[in-house]
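K.L.:
Residue numbers (the numbering used here), protein chains in the order written: chain A, 1 to 475; chain B, 476 to 969.
Keep in mind that the hints were calculated from the coordinates and are not lab data.
Just to be clear, a hint being listed does not mean it is correct.
[To be verified] Computed cross-link-like contacts, DSBU-like style, restricted to lysine-lysine with a CA-CA straight-line distance of at most 35 Å:
hint, chain 1, residue 1, chain 2, residue 2
1, A, Lys55, B, Lys586
2, A, Lys80, B, Lys829
3, A, Lys401, A, Lys377
4, A, Lys54, B, Lys559
5, A, Lys54, B, Lys850
6, B, Lys559, A, Lys76
7, B, Lys853, A, Lys54
8, A, Lys80, B, Lys853
9, A, Lys80, B, Lys850
10, A, Lys55, B, Lys853
11, A, Lys394, A, Lys172
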Amino acid sequence: MSKYETVIGLEVHVELATKTKIFCGCPTEFGSEPNTNVCPVCLGLPGALPMLNKKAVEYAIKAALALNCEIPAYSKFDRKHYFYPDLPKAYQISQFDQPLALNGYLDIEVDGQARRIGITRIHLEEDAGKLVHADVGDYSLADYNRGGVPLIEIVSEPDLRSPQEAKAYLEKLKSIIQYTGVSDVKMEEGSLRCDANISLRPAGSEKFGTRVEIKNMNSFRAVENGLAYEVARHTEILDAGGQIVQETRRWDETKGVTYAMRSKEEADDYRYFPDPDLVPVIVESSWVEALRQSLPEMPDARQKKYVDKWGLPAYDAAVITASKHMADFFEAVMEKYDDAKIVSNWLMGEISRHLNAEGLEITDTKLTPDHLTALIKLQDEGTISGTIAKTVLKEMFESGKMPDEIVEEKGLIQITDEAAIAALVDEVIANNPKPVADYQSGNKKAIGFLVGQVMKLSKGKANPALVNKLLQEKL
Amino acid sequence: MLEQLTVAEALEKLAAREISAQELTAAACKRIDEVEGTIKAFVTLTKEQALAAAARVDAKLQAGEEIGSLAGVPMALKDNICTKGIRTTCSSTMLQDFVPPYSAAVYEHLKNAGSILVGKTNLDEFAMGSSTENSAFFTTRNPWDTERVPGGSSGGSAAAVAAGEVLFALGSDTGGSIRQPASFCGVVGMKPTYGRISRYGVVAFASSLDQVGPLTKDVRDCALVMNAIARHDPRDATSANTETPDYTKFLDGHVKGLKIGVPKEYFMEGMDPGVAAAVRKGIELLVSLGAEAEEISLPHTEYSIPVYYVIAPAEAASNFARFDGVVYGYRADTDSLEEMYLQTRGQGFAPEVKRRLLLGTYVLSAGCYEEYYLKALKVRTLIKEDFVKAFTKYDLLVTPTTPYTAFPVGAVKDPVKMYHNDICTIAASMAGLPAISIPCGLVEGLPVGMQLIGNHFAEGTILRAAYAYEQNSEWSTQKTELYRKLREGGRKHE
Chain A
1 MSKYETVIGL
11 EVHVELATKT
21 KIFCGCPTEF
31 GSEPNTNVCP
41 VCLGLPGALP
51 MLNKKAVEYA
61 IKAALALNCE
71 IPAYSKFDRK
81 HYFYPDLPKA
91 YQISQFDQPL
101 ALNGYLDIEV
111 DGQARRIGIT
121 RIHLEEDAGK
131 LVHADVGDYS
141 LADYNRGGVP
151 LIEIVSEPDL
161 RSPQEAKAYL
171 EKLKSIIQYT
181 GVSDVKMEEG
191 SLRCDANISL
201 RPAGSEKFGT
211 RVEIKNMNSF
221 RAVENGLAYE
231 VARHTEILDA
241 GGQIVQETRR
251 WDETKGVTYA
261 MRSKEEADDY
271 RYFPDPDLVP
281 VIVESSWVEA
291 LRQSLPEMPD
301 ARQKKYVDKW
311 GLPAYDAAVI
321 TASKHMADFF
331 EAVMEKYDDA
341 KIVSNWLMGE
351 ISRHLNAEGL
361 EITDTKLTPD
371 HLTALIKLQD
381 EGTISGTIAK
391 TVLKEMFESG
401 KMPDEIVEEK
411 GLIQITDEAA
421 IAALVDEVIA
431 NNPKPVADYQ
441 SGNKKAIGFL
451 VGQVMKLSKG
461 KANPALVNKL
471 LQEKL
Chain B
476 MLEQLTVAEA
486 LEKLAAREIS
496 AQELTAAACK
506 RIDEVEGTIK
516 AFVTLTKEQA
526 LAAAARVDAK
536 LQAGEEIGSL
546 AGVPMALKDN
556 ICTKGIRTTC
566 SSTMLQDFVP
576 PYSAAVYEHL
586 KNAGSILVGK
596 TNLDEFAMGS
606 STENSAFFTT
616 RNPWDTERVP
626 GGSSGGSAAA
636 VAAGEVLFAL
646 GSDTGGSIRQ
656 PASFCGVVGM
666 KPTYGRISRY
676 GVVAFASSLD
686 QVGPLTKDVR
696 DCALVMNAIA
706 RHDPRDATSA
716 NTETPDYTKF
726 LDGHVKGLKI
736 GVPKEYFMEG
746 MDPGVAAAVR
756 KGIELLVSLG
766 AEAEEISLPH
776 TEYSIPVYYV
786 IAPAEAASNF
796 ARFDGVVYGY
806 RADTDSLEEM
816 YLQTRGQGFA
826 PEVKRRLLLG
836 TYVLSAGCYE
846 EYYLKALKVR
856 TLIKEDFVKA
866 FTKYDLLVTP
876 TTPYTAFPVG
886 AVKDPVKMYH
896 NDICTIAASM
906 AGLPAISIPC
916 GLVEGLPVGM
926 QLIGNHFAEG
936 TILRAAYAYE
946 QNSEWSTQKT
956 ELYRKLREGG
966 RKHE
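Just need the whole structure built from these sequences, with the hints factored in.
P.N.:
And the structure:
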């Protein structure tokens, strides 16, 4: 047992997938030519005024409801002032003391231990632009396409007790937001960003230790590693009788260390005040209820359903429901097929391997639930072997053709004719005297090699059970 | 010719084909040539574009096509109103070369109405001031006495209308910036209800107070211009989504039974007794026409200036943060980002703007917010409540627009003394109420303004009373005095 308790709170920014920006009609699309999705409003030209995009409020409320928040009837926008070239008005329109949502939570499980993590608040704000630093020369270029894209900032309570819990919280948060459909939540594209506050205190103490803010953690792993680094750093300082300096630190992914950016004394005074260009946001409870009704079933509920209704192991249910796309896919297959474990084996095995290798979501591929259902049925009927099925899956990802078509085209139908397999078996026995002798002298394991040779000879099409049976008979 | 013509008269002549839009615009240009050397109302002139626009109006008239309600009428815009392709300087070094890529809603409305822009008028830098002396370029002169200021910050617009350079102009009013120069220059100036006119494209000073309004020769013209510019704008969240009446319908001369409150706090110690007398005489005239007047009290009036000088600078400090040299406007040539910010703002803003930005930054800073900004908001509420109470009993409040007439250029050096120019106009701004300044006589040859304050969206009531007053006062004869002077002044310049 460590003599310190780790206390972590996360601030997560999520870009909302509205078609237009939060305060103007510019498109939000990612990857356009620099400074093409801009107008007087998001460039902060003199005289331009913001108009709130109702869709952004709607999306924020949906996310907040999915995270079990209360939605106050009244909230307002404030200006947060700081000078930086990516912020053309030199203030960000955000929400200070009356945010859109309060008092939520989400449940996580780490090492079999379930924990409920509080969410203090969720507020709406506009994103800043992006600076591109020149490779050569002493200048930077500014791209304001991202300026004004709607963001929600989700602030957790300091309820997290380890870097692992922080990672689990982020994964769960991503999953829930993805279920609501209000964001892509892609950390690599910046639509999900995370800053962390961390402190250590003597185990059993109620009083918080001095906290440090960590920025620039650009992946789930970076969050876990960055926080683990800080735990070690704090522990070392405290063990040596030192004091933690309250400061903001930056995670350096390549070096695997954090370093100080600025101390508390240098902290900005943002001079928040209510934005006089915008009117308060009045949220009708009937609207909130309608949005609540429109939310899809959340991962926890689905997980329970998979276990209760389809007998799926809890672990499988958790993995599959983590991604809404995967869960939707699973449910679509389950409409036409009844062995949940076989489906989950495919999804968690071969299919996930392929997706992870390519960095794709299942919806990014040509594979549909119909493809997988048909594939599993072909295998069940004995038309193809498991080995062949994997080959067919790969082909389906590439071409999008149905499995029976692929099997036909490539002549992959399983050989179940005993006479045909017997001929192959004879050939293998004749050509492999050493393993045959091994087997016959009692090394039963040697049969595996011989089965493999037969399968190879049949180009994977021989029914493995038959091969096994015939080999044993003949030896 | 132009200096004696109103918008309404010009429209009649245009309709009767007695004059063409081109002739009218040419007359405005000629008049500008005559007097502008002395008056200096304009920062930018757009004569060529104006003549071309006038030709298009004439072509439409010839073809019998539909023309707008102000077609062919030459006008000017205060240079804090964005005009696409025409530089919009705010009379500041910061924006001296800024050409906006878009137009303010009010300019779009006037263009759609067929009105002809002949130029952009001078103002106190970023509308901060009461004399145009804070313009980074030059000081505009009062047509009644060119040794005196025209008032401000819409001093260029007021002077251009008074000198007959245009038939009307738009100004902006944050704490009195339309009404005070209207008063000093002997023209009609209205600050409409907050939310009545779109602020879209008007360079913000204090967003919760700014409102655009017309400066005209008479009350009818004010109603005509209001008809063209007052409408809901979905691009301005503070724009009121209410029906806009035809304001000319209120010009019927009937004030019988109109209940007027005369707040005693507006007739303060130290004011020019001539001004007080002229305004009291104006009220008597309204009473003689059937209105009822009685003295009332708006007890929180005295706090309006200190409260204004917390709230307006706070909003300005925020609004002006964008002038950082990055995307547009003046940029100082420096080696580092921080130096760029410091030098750009240090060189781009003049002292009065800096004074207010420092003040505004201070009152919003950590530890001061509650003590200053929040407290000011609370007092603002009290000031508003004074009016709410008054309007349960009265239709209109009548006060002086300013405690004195136009002062000589350079006479007021103390900024706080300058701030007191707006002592009669700020409270209505705080409450978002509509108010007009109309000429009500001369004191030592200089015009006096009478302010009529109405309830929210009661511009019609204000215009009705103002029109009744105007029709029955001696003002129309006193005006000719100005034109005589101007002609002399114009010749002197030639």
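K.L.:
Decide, hint by hint, whether the structure agrees.
P.N.:
Quick rundown of the hints versus the structure:
1. Lys55/A to Lys586/B: It holds: about 33 Å lies between the C-alpha atoms, which stays within 35 Å.
2. Lys80/A to Lys829/B: holds, 20 Å
3. Lys401/A to Lys377/A: holds, 16 Å
4. Lys54/A to Lys559/B: With a Cα-Cα distance of about 29 Å, the restraint between Lys54/A and Lys559/B holds, given a limit of 35 Å.
5. Lys54/A to Lys850/B: Holds, at roughly 32 Å.
6. Lys559/B to Lys76/A: holds, 32 Å
7. Lys853/B to Lys54/A: At roughly 30 Å apart (the allowed maximum being 35 Å), Lys54/A and Lys853/B satisfy the hint.
8. Lys80/A to Lys853/B: holds, 22 Å
9. Lys80/A to Lys850/B: holds, 20 Å
10. Lys55/A to Lys853/B: Since the Cα atoms of Lys55/A and Lys853/B sit roughly 33 Å apart, the hinted pair holds (cutoff 35 Å).
11. Lys394/A to Lys172/A: Holds, at roughly 30 Å.
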